[in-house]
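**Student:** Here is what each chain is made of, one letter per residue.
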Amino acid sequence: MERRTFLFGALGTTAALALGVSLYRPELAVEEANDEEHRLLLKVLLPVLLDGALPEMASPRDLSINRTLNAISATLKVLPQGQREELFTLLDLLENRLGLLLLTGSMTPLLLRSHAELEFMLNDWRERSIELFQLAYLGLRELILASYYSCPEHWVSLNYAKPELPGITDKR
Amino acid sequence: MAIVDLVREGMAAGWRHLDGAAWLKSDDNARELEADVIIVGTGAGGGVAAEILTAAGLSVILVEKGPLRSSSDFDLEERTAYPNLYQQAASMKTADKAIGIFQGRAVGGSTTVNWTTSIRTPPNTLDYWQSAFNVKGLSEKELEPWFEQMEKRLQISEWSFDPNRNNAMLKKGCEQLGWDYTVIKRNVLGCWNTGYCGMGCPVNAKQSMLVTTIPAALERGATLLSRFEAVKIEHQGDNISGIRVRARDESLRTSEKELLLKGRHYILSGGAIHTPVLMLRSMLADPHQLLGKRTFLHPTVLSGALFDEAINGHSGAPQSIYSDEFVWRDGAAGALGYKLEVPPIHPVLIASKTLGFGKSHAELMANFNQLQVVIALVRDGFHPDSPGGTVSLDGKGFTLDYPLTASFWLAARRAFASMAELQFAAGARKVLPISDGMGYLNSWDEAKAAIDNMALAPLKTVVASAHVMGGCPMGEDKTKAMVDSFGNSHYFENLSVMDGSIFPTSLGANPQLSIYGITARNATALAARLASLPKTEPKSESATEPKTE
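In order, the protein sequence lines correspond to chains X and L.
With the UniProt record's numbering, letter number 16 in the first sequence gets 16, and the count goes up by one each step, no holes.
With the UniProt record's numbering, letter number 83 in the second sequence gets 83, and the count goes up by one each step, no holes.
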């Protein structure tokens with residue numbers, strides 16, 4: 001039950017972290033490799049979690065997704081090791097047939113599931129009373145939403161911009 | 001208008017600063033540094049203590065596990081601020097993940113990133129500490145001169161400008177309902193009213209420790225070690241003989257390269273959680289098993305509201321109004337009370353602390369500038385069913401187990417109702433209690449019924465905290481306290497604790513001014529005691545002199 005314990009033990013990137021910039025050095029090469037593998041998975045989940053926020057047009061939409069994926073990578077790098085490991089464990093489970101079966105009741109890879117099926121999966125986790133599923137939902141939700149909204153490129157739809165302070169912000 | 005970065009200027013002028021990451025790369029093999037007083041932590045407690053002790057002519061070494069960042073580094077972006085300035089990149093949570101905790105971790109501690117609200121310790125709290133925990137000498141009257149001293153030092157005064165729209169709605173709701181409200185006092189000087197206090201003040205208006213007491217101490221010859229983590233307190237009998245600190249690299253990974261800091265006296269100011277953790281890790285005497293217990297958070301629930309008019313909650317002083325209408329209504333030890341305030345509204349904070357995903361979340365974010373948010377901070381630690389949380393060591397570091405009790409949920413439900421009533425009274429079109437399963441509510445009548453029946457539960461209801469207190473309580477009764485009413489250890493003759501961990505309960509108010517005032521009192525007494533003893537000349541074992549970064 002190590003896997004279950006692992007997820008129960010954590011999985012909660014608070015959102016408040018989402019960093020589109022890499023302020024610290026990457027820690028391990030193996031994590032870099034994991035990160036690359038997980039981009040494919042996250043690329044499938046992003047349009048579901050960010051439905052209504054991502055641009056409709058193909059080109060800006062792709063740009064926005066890639067920008068968010070980069071922000072997620074940066075977020076993962078600055079998380080405390082324990083939390084990073086927990087998130088990687090979740091992502092590993094979602095790429096593993098037995099893990100998928102445990103978390104979703106089906107071995108069908110997420111890459112082959114429709115938008116509606118993925119939305120159903122997330123809502124199912126969200127509404128479950130078992131912590132394991134709630135933590136999986138919250139972990140992904142917070143990682144992706146916080147990373148998306150950390151990017152200044154995504155603030156236009158909010159009509160939000162940081163203030164311009166002459167002589168201060170223009171020098172940074 | 002150019003802003004002087006007084007920290008960088010001070011460093012250039014020769015302040016004694018040793019950066020752990022730079023030291024790791026150097027071939028310096030110093031093993032030991034010595035001063036009269038070693039202070040672990042540079043927040044509200046450590047900063048004030050350092051200034052007072054150096055003013056008394058004592059030599060001081062300050063240790064901070066976070067980096068040194070100053071106004072030139074503060075770019076008003078959450079993605080930069082959270083990893084640089086907050087514990088665990090602002091991702092710290094309780095063991096069950098039900099409460100997200102914001103706590104500073106950089107030179108200046110939480111004072112570098114707080115929202116500047118400055119409130120004296122409520123008299124009800126002081127009275128309760130005296131009666132329930134045998135705390136001596138901390139009555140409202142006895143503390144008054146210390147608060148006056150720190151209010152003057154940190155330019156704390158009532159915010160004289162109009163509140164921003166987010167705060168104005170809190171005020172309007174209170175006025176409509178005849179509820180108590182107060183204009184907040186803030187520790188600012190020449191504030192630009194931009195609303196980005198939580199990301200570090202870019203214009204040095206916030207009178208945090210970073211720009212006040214720490215520079216004053218450095219001017220008087222104190223040494224600052226940043227990116228050094230205190231890992232162990234060396235002790236024998238009733239004496240502390242040193243504190244081992246390890247350098248941290250740019251990724252804030254703790255290395256094996258360490259220094260032994262030796263002093264006549266040691267002050268722990270790492271804040272609630274980290275002070276008890278260091279004491280636990282060092283296996284200090286704790287015969288009554290108090291360390292880490294009774295850790296309090298002011299666990300906070302949130303209520304969003306949509307207004308027709310623009311709120312622009314990101315702009316303007318983040319907090320300028322609060323309401324104590326419900327804090328003490330049932331007496332100190334009665335049903336848990338709650339304080340009403342508002343938070344600043346910035347994209348990452350709001351995106352993460354709201355509900356759902358996809359279209360519903362995008363719709364909420366599209367109304368970003370019409371969104372008003374009220375928060376209710378629950379006063380924990382007074383009621384018998386509010387024992388707070390427990391900090392304990394685990395294999396990798398620590399955990400904070402904070403069960404949310406039935407009495408908390410009772411308070412949370414009442415708080416959701418109060419917040420909705422207030423928001424509708426202020427003119428809200430819709431109100432959204434931030435708890436999964438709730439939708440937009442269109443009137444106070446609808447809200448009242450829905451909140452009566454709403455499901456509240458860990459992980460379903462968003463609960464956050466920005467105030468960590470307790471875990472190393474003060475008082476004269478050793479069965480209830482680790483330190484006396486002056487913050488001095490009951491078990492070690494040369495150890496004191498000066499931070500929020502000494503509070504026997506939560507405060508029922510934002511904590512910074514309580515820490516400033518009580519530390520000023522305790523550090524002044526300590527300085528008088530130490531000044532009468534033989535002095536130590538600062539020295540290091542090798543020829544190494546702390547260098548500027």
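No lab work stands behind these hints: they were computed from the structure.
Treat the hints with caution; some may be incorrect.
Covered stretches of chain X, going by a simulated chain L footprint (3 or more residues, C-beta under 8 Å) [what the hints assert, rightly or not]:
#: 1; segment: 130 to 141
#: 2; segment: 152 to 158
Using 27 Å as the maximum straight-line C-alpha spacing, the simulated DSSO-like pairs for lysine-lysine come out as follows [stated by the list, open to error]:
#: 3; chain 1: L; residue 1: K172; chain 2: L; residue 2: K185
#: 4; chain 1: L; residue 1: K232; chain 2: L; residue 2: K396
#: 5; chain 1: L; residue 1: K448; chain 2: L; residue 2: K232
#: 6; chain 1: L; residue 1: K430; chain 2: L; residue 2: K232
#: 7; chain 1: L; residue 1: K257; chain 2: L; residue 2: K232
#: 8; chain 1: L; residue 1: K185; chain 2: X; residue 2: K162
#: 9; chain 1: X; residue 1: K43; chain 2: L; residue 2: K359
#: 10; chain 1: L; residue 1: K152; chain 2: L; residue 2: K172
#: 11; chain 1: X; residue 1: K162; chain 2: L; residue 2: K359
If you want the footprint, here are the derived chain L segments under chain X, 3+ residues with CB under 8 Å [said to hold, decoys possible]:
#: 12; segment: 76 to 83
#: 13; segment: 210 to 218
#: 14; segment: 366 to 376
These figures come from a predicted structure and were not determined experimentally.
Glycine included, each C-beta is placed from N, C-alpha and C at the ideal position.
**Student:** If any of the earlier hints don't hold here, list their numbers in rising order.
**Tutor:** Hints 5, 6, 10, 13 contradicted; others consistent.
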